[in-house]
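Respectively, the protein sequence lines represent chains V and P. The UniProt record's numbering applies: residue 1 is where the first sequence begins, and numbers increase by one. The UniProt record's numbering applies: residue 1 is where the second sequence begins, and numbers increase by one.
The hints are simulated quantities; they were obtained by calculation from the structure and are not laboratory data. Nothing here was measured: the structure is a model prediction, and the numbers come from that model. It is possible that some hints are incorrect.
No more than 27 Å apart at the CA atoms, straight line, and that leaves these computed lysine-lysine pairs for DSS-like [what the hints assert, rightly or not]: (1) LYS124(P) x LYS71(P); (2) LYS133(P) x LYS91(P); (3) LYS142(P) x LYS124(P); (4) LYS91(P) x LYS169(P); (5) LYS133(P) x LYS71(P); (6) LYS124(P) x LYS146(P); (7) LYS146(P) x LYS133(P); (8) LYS203(V) x LYS91(P); (9) LYS195(P) x LYS37(P); (10) LYS203(V) x LYS169(P); (11) LYS133(P) x LYS203(V); (12) LYS37(P) x LYS133(P); (13) LYS37(P) x LYS203(V); (14) LYS146(P) x LYS37(P); (15) LYS203(V) x LYS124(P); (16) LYS71(P) x LYS91(P); (17) LYS203(V) x LYS142(P); (18) LYS246(P) x LYS91(P).
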Amino acid sequence: MSEQIVYALEVFANGLMSGVLYALVALGFVLIYKASGIFNFAQGVMALFAAMTLVGIQNGQVPFAHLINAVLGTHIHHFGWHIHSVLALIFTVGVMILLAVAIQRFVFRHLVGQEPIILFMATIGLAYFLEGFSDLMWNSEIKTLKFCVAEGTCLPQGMNMAIDEAAYNAFGTGFFIDNLDISAAIVAVMLVIALVAFSQYTKQGRAMRAVADDHQAALSVGISLNFIWILVWSVAGFVALVAGIMWGAKSGVQFSLSLIALKALPVLMLGGFTSIPGAIVGGLIIGVGEKMFEYCFGTGQCFGGIINLGGATENWFAYVLALVFLVFRPQGLFGEKIIERV
Amino acid sequence: MLDAGHTDEALLEVNNIEVIYNHVILVLKGVSLSVPKGGITALLGGNGAGKTTTLKAISNLLRSERGDVTKGSIEYRGNNIQDLDPADLVKNGVIQVMEGRHCFEHLTVEENLLTGAYTRTDGKANIQADLEKVYAYFPRLKERRKSQAGYTSGGEQQMVAMGRGLMSKPEMILLDEPSMGLAPQLVEEIFTIVKNLNEQEGVTFLLAEQNTNVALRFANYGYILESGRVVMDGPADELRENPDVKEFYLGMSDEGRKSFRDVRSYRRRKRWLS
């Protein structure tokens, strides 16, 4: 097999893996949109906030340190301890649930029955508030995220030697794939299975789907919308946390993490706003699509280089693809069909 | 207070309630009614008379539509229920089956029924037993238990909505317009089931209906609403014989054709009286 085909395969595999990360973010959008009709612009910032909280708790950072120091004139920054990752994860989940309660209590409870555009504007406000709040709480410097289940078994990073070696033996050329991407894919698959199981086979999951279908009817059978929405925001917060860990481990916990939300938009247009499988498949298509497009046409390495756009196609390819989909299939690949009896 | 005409104790008492939507639109202008335990009480009247609003005021679904009860009181078993959530009311045995079915379209028929048991805490075995009971009343639903509710027929959806209500083990069902958009035969079937549920399970019904004829045949007592007021009430068989009801709601007349002038004067007279 020629070296070039192996290289193309490598690009493909890496596209798949980054697609998984897009899908993780898109999932959070889908969950909230399905259950409450709110397009949550703050999903990306939630991922940032979750990752910062995890790192902060793990490293024993004092929350609101700057504020406390400014008011009390002290100089505290760290508690001086280091908390086990899993424990920190549990605490962070708690924080995300608190955040969900607060969002529901202070924002969306007062906006029940408002126009979708108003709800959307509220999430934009929420996004910027949360961004400032996470800076205030954990300060804005770039942090590295190391997530270790036990001593020595951390979220792996760098080239996977086993695959590389196998490829080398078989084709005489190496195959680069990041260990982190592989673990992200495994985690994403588990997360999706868990989410589907939860929504299909539990009472609260059923109630969640019921609320997604018809608010009024859900209310009439005694489902508390308030509780379900808190539940949904908590689940979305958890998904954001997982996405935040993966992206944070990949590129550091910093402000640009919140921009992954923008990458999730084309994924959603492609997969449909209401479909969990759609978010996954959409993410994979976008991930593979942009990498392969860049490889083939961006840098002109396919078909003898007949088309060479000079690179940087990754920035816009996803959006163009989404536009094409909007024209021909507005509800996306897996968008919920509107059931209409004739 | 109007006499319910029953010696039974009143399960629900609505006293002179006034409902305003969006702080400006006055929809109910003083509605009073009393629902005896174990009876079928019908709420009759044309479009926009306030039947649905009355039911929603009782089940407290009104608030999610920006409506408010501004005057009067609603008592269930002697307790004021105006400040209870719909969820609390369901736990207390009052459930509304909404107009236009409102099934959860993407859930299967069986899942729809199970959502009705959301507030119950008496264990899976009891819920399963009640599911079988509902299937016994609505055998058609058992055949279609695995299909998405959105793809079932209008009659089946009405059955799903009623079955879902039953799954909450209610003492009283507020049934809104069960005949809407259904063929006469199906209407008959639905009302027969209502009667059976009433007699065999002891469920109290307060039903809003435009189909005066059917409603008065199955109900014990009826209230007629017109522009947010009760204009007439009485035992169902008396109402059926009332010449005004016959003419205006049943479309029958003993006196041949009437001119429109008489119609108008009737309405005016009725408003002044109420």
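Hints, one by one, checked against the model:
no.: 1; hint: LYS124(P) x LYS71(P); verdict: 41 Å, violated
no.: 2; hint: LYS133(P) x LYS91(P); verdict: 20 Å, holds
no.: 3; hint: LYS142(P) x LYS124(P); verdict: 19 Å, holds
no.: 4; hint: LYS91(P) x LYS169(P); verdict: 9 Å, holds
no.: 5; hint: LYS133(P) x LYS71(P); verdict: 40 Å, violated
no.: 6; hint: LYS124(P) x LYS146(P); verdict: 19 Å, holds
no.: 7; hint: LYS146(P) x LYS133(P); verdict: 17 Å, holds
no.: 8; hint: LYS203(V) x LYS91(P); verdict: 16 Å, holds
no.: 9; hint: LYS195(P) x LYS37(P); verdict: 14 Å, holds
no.: 10; hint: LYS203(V) x LYS169(P); verdict: 17 Å, holds
no.: 11; hint: LYS133(P) x LYS203(V); verdict: 20 Å, holds
no.: 12; hint: LYS37(P) x LYS133(P); verdict: 22 Å, holds
no.: 13; hint: LYS37(P) x LYS203(V); verdict: 32 Å, violated
no.: 14; hint: LYS146(P) x LYS37(P); verdict: 35 Å, violated
no.: 15; hint: LYS203(V) x LYS124(P); verdict: 11 Å, holds
no.: 16; hint: LYS71(P) x LYS91(P); verdict: 25 Å, holds
no.: 17; hint: LYS203(V) x LYS142(P); verdict: 20 Å, holds
no.: 18; hint: LYS246(P) x LYS91(P); verdict: 39 Å, violated
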